[in-house]
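Based on these hints, arrange chains B and A on the given structure of chain V.
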Amino acid sequence: MDQTATVTAQQALDAANEAAFLTNNLWILVATVLVFIMHLGFATLESGFVQKKNTVNILFKNCMIIAIGLLTYFLCGFNLMYPGDDFAGGFFGFAGFGLSPTEADLTSAYGDYTYWSDFIFQGMFAATAATIVSGAVAERIKLESFLIFSAILVAICYPITGMWHWGGGWLAEMGFYDFAGSTLVHAMGGAAALAAAIVLGPRLGKYTKDGIKPIPGHSMPLAAIGVFLLWFGWFGFNGGSVLSADAAGVSLVFVTTSLAAAAGAIGAFVTGYILFKSHDLSMVLNGILGGLVGITAGADQMLPGSAILIGLIAGIIIPFSVVFFDKIKVDDPVGATSVHLVCGIWGTLAVGIFGNMAGMGQLITQLIGTLSICAFSFAFSFGLMYALKVTIGIRVDAEEEAKGLDEAEHGASAYQGIEAVAYNYQVK
Amino acid sequence: MDQTATVTAQQALDAANEAAFLTNNLWILVATVLVFIMHLGFATLESGFVQKKNTVNILFKNCMIIAIGLLTYFLCGFNLMYPGDDFAGGFFGFAGFGLSPTEADLTSAYGDYTYWSDFIFQGMFAATAATIVSGAVAERIKLESFLIFSAILVAICYPITGMWHWGGGWLAEMGFYDFAGSTLVHAMGGAAALAAAIVLGPRLGKYTKDGIKPIPGHSMPLAAIGVFLLWFGWFGFNGGSVLSADAAGVSLVFVTTSLAAAAGAIGAFVTGYILFKSHDLSMVLNGILGGLVGITAGADQMLPGSAILIGLIAGIIIPFSVVFFDKIKVDDPVGATSVHLVCGIWGTLAVGIFGNMAGMGQLITQLIGTLSICAFSFAFSFGLMYALKVTIGIRVDAEEEAKGLDEAEHGASAYQGIEAVAYNYQVK
Amino acid sequence: MDQTATVTAQQALDAANEAAFLTNNLWILVATVLVFIMHLGFATLESGFVQKKNTVNILFKNCMIIAIGLLTYFLCGFNLMYPGDDFAGGFFGFAGFGLSPTEADLTSAYGDYTYWSDFIFQGMFAATAATIVSGAVAERIKLESFLIFSAILVAICYPITGMWHWGGGWLAEMGFYDFAGSTLVHAMGGAAALAAAIVLGPRLGKYTKDGIKPIPGHSMPLAAIGVFLLWFGWFGFNGGSVLSADAAGVSLVFVTTSLAAAAGAIGAFVTGYILFKSHDLSMVLNGILGGLVGITAGADQMLPGSAILIGLIAGIIIPFSVVFFDKIKVDDPVGATSVHLVCGIWGTLAVGIFGNMAGMGQLITQLIGTLSICAFSFAFSFGLMYALKVTIGIRVDAEEEAKGLDEAEHGASAYQGIEAVAYNYQVK
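Protein chains in written order, with the working numbering: chain V, 376 to 803; chain B, 376 to 803; chain A, 376 to 803.
Honestly, the hints are just simulated from the structure, not real lab data.
Bear in mind the structure is a predicted one, so any value in this text is a computation, not a measurement.
Among the hints, erroneous ones may be present.
Pairs count within a copy or across copies, as identical chains cannot be separated in the list.
[Said to hold, decoys possible] The list that follows gives simulated cross-link-like pairs (lysine to any residue, SDA-like), each with its CA atoms no further than 25 Å apart: (1) K778 / N731; (2) K652 / E776; (3) K652 / F469; (4) K778 / I573.
The shape of chain V in the complex, shown without the other chains (with noise of 0.2 Å):
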């Protein structure tokens, strides 16, 4: 009778274990959802950013981007990521081709998740990173070359610089902190997204000799939707991020994502209106996701006020960065070097400064962490691209450029009956 007693006193705490184990797990495919959902708030973002004639070209790469993330990250990117002790040195593993689990991987014994939740929610951050540069080289870049430069930086540098602190590297050890990727995702593609941007020029007709010439995108509705998306998505993202559906984790990193969001907005609108005398909807819209890209590598560790402290100085960022990079010719169509470079950046020192081992020493530790990811992947970006360059061309000619990438690239265009005017007035 008492042995009855105790085993199912043991049985029931077993129970308990294993529900607490189905909602972790379950959260973590939520997030995944989220995540995902991610890639049509950048592909509305840049449709919506970019000129009518290319944004056929924008979908497009957006499609692939997201196949192309997470297949090559289940051919090799997971497990160089996490290769695991047995294949890791500091810099670089591998622990091989193709994802193979062990029964006891889908069960509580992995951890508060399955191996098969891990894998896609950590493919679908794999994807985000490679889909931040298409923006910045957008209007101009040809399609197969963007095509294999995203493959490659998704399936070799993302996940290495991953590993550094990720997956149990160097950056861990220091004590480098990035909680959901303000520098290992949106600083390492933003890095990637500069130096492509300069590896393949400026538009033609952007920086003339009678001044800049601003390109205004061609749907404000389509960017407002990416960036809404964009938030929505983020809260899986960074409430993912936690790694289990930990209550006051995962209840604070959303108020924490929230308050940082909106206080970009508040940061950009302010900002954006005393530097230009005028409401610019986009710098708000660029001042959001400062706020959350700042806000990512401290999420779960931030009071409210230092939430919006950190949202509000990346809102004043945005567009202070877009004049910044237009005055030294990089031209980027979406504002992403600004967004995930700059703000990335800015998130990752933050955690320095408001966390919770704020400190020059943690600063320093920040700022070696940022600069090494950036410095990697800007570096391997910038050799790909050239090799790219010289090898299969990166850039469509003149030509097509000015007739549109849709017409050049794919025959087509993306809006049918709103040009029937013009055609039937040529006809006449």
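Then chains B and A, alone, in the frame of chain V:
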């Protein structure tokens, strides 16, 4: 041995309760994400229903409202709405600025979810209330005036009326019932929208001596996207209002919410056809929203048949209400007063007709509750708008209205490339 | 003391089981929300793929279908599909009109989720089946005829064929396997679409003596939004079909679903390029959907490598199938038959090739199952469409088709402001 068994059993029970807490808290967070995306729903719905020349403006407002809503709710709204026993009177209470949870507030000691989850879920609701107004005053209000109005409405008016019921105030004591906010969110926001639209006056050229001129929205796809996203988010709005993941409760709410929305579509479809002899998409879209608003007050206690009836009547109300407001020359470009105010009142009364405590007594209580809150919100909003009118002004001038707020307030256009045809023609 | 310990252990186990039930039920509800948003996916996909002049019409249909689908499933569909042992034969059964759950149906006594969760999850599936047809018959069908057709299809045909497998009918007894509905939802809907498109005939001017005229869709951004939302929703469609939050099960389904969709994009990209020498976005979009439909029948039992192969083949099938249907002059404006019927059959057969019980016997069973359901759905739909044709008529007249259904059926235009140029020109 016995003692060990006893302790283990208690531990097992604690672990089981903790697992349930994880799930309950997770649902509040997932519901928060769903309510968040309703702001994209409002943004796209309102964009679709306004003219092309005011699209940037309405997107800008919707981006700022979510930011302002969350930040003011952090600053004072949450503590005005939930002042706690020490600070509350029946009509007003305040627990101080900012947030200061204790350690216990982040554990199951706080209830079925954490303090942070409570704040962020409620904060998303607050921002929703403010955004209802933006559609009704679209196409003619000054941006700054609108932002000031919204900030004060969401910071003060919404939490005070909210406290009356959800914060344990006089309506709660009286037995008033509003499950998820047919009155507290929707009719409150709708009454504010009505007051604002009256003070502001109709759009130029809407009501002429030759009759009422229809001003159709510029993009039905955007409007439809908005309605689907709002329905999507309503699963969180109503489902999350169970305030736990209680299986019987949340699943019933999903059924009643869905069936009411579906019946709202049917009601508006048939009524719209009878009245206008056409298949009017905007009526069906608003019929769905009317059904959703209508079920919100009693979504936790209706049988499916009652839910269908409530939604059907809401759908039937919509076309009549839209015609009525046009007759009395209250110009509401998106139908926000019909959807949120009229159907909100209907849904609140329906609790007294079909709900658990249906009867004349409950019906009168429901009537008192909804009219009190509508009256307070209307008076507050009327006074605030009037004060803004006589100080900084609330309306753009006629020339700006004619050329559109996008150019007047933002110096921008929502779409690029579509107008090229016209320019080419004019050049020739 | 002993007794106390024993009771507590049992109580703890009950609490643990209840916590797991909470989580399992919650996942079915979250999956329901995800499947719901697939209706926005269909609405935007189909809108994007039709001409501008038929946009209001296709949006209107998609709004009505979800309403009709849910209400008819409430009225009779659910009880036709899951008649229960007392009422079921192998081919047909019916448990009566409306819903009448017992108290026990709302607790864990019903299984891993409540009766209400079961109904609303299944109801969203039912509405999905009906919406597949709307794309194939777009741009020429009469609105009323379509709505009547859809209502009867979803009320009777879908639940009867569904019962054959998921309701425990003759296909279930035979060992047929269709995890989440490659056949029961997609091929069933695709066969109905094929029958309807045949009876209806092609759009005017599509197949001329000079060859096949491409009629490109009017908005690629809308189409792309649709595909991403469908993929997003598919996590609920397939993931929810595990019918619990089982960690190993749901996480595997997420991996196979994602990899198949990604491989579908690659398959269609490469095949489209080989066939058409262009980067065809619509092929890639349909390739993703083909991959998703293909994996659906076996998403719970494929290894990642098999999932990739299934998706890749589905993606390769798409361009060939689209060309084939055009060759036999079946006009399907959105490619619904290729995606849902052809890839649905492929996915069902793939269970017999790559699944747990792969082998010639299983393959033949799969073939019998999918052909039986396709044949029934085709015959039912053909007969129903034909009956409508000879009674109230199914096709708008040529003049209405030429000017578009938006004007003919709705007296409205999807977009305002864009056409102003044309009107101005004609006035002059």
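Hints and how they fare:
no., hint, in the structure
1, K778 / N731, "neither (53 Å within a copy, 52 Å between copies)"
2, K652 / E776, "between (32 Å within a copy, 20 Å between copies)"
3, K652 / F469, "neither (53 Å within a copy, 38 Å between copies)"
4, K778 / I573, "within (23 Å within a copy, 40 Å between copies)"
Checked against the numbered hints above, the structure violates hints 1, 3; every other hint is satisfied.
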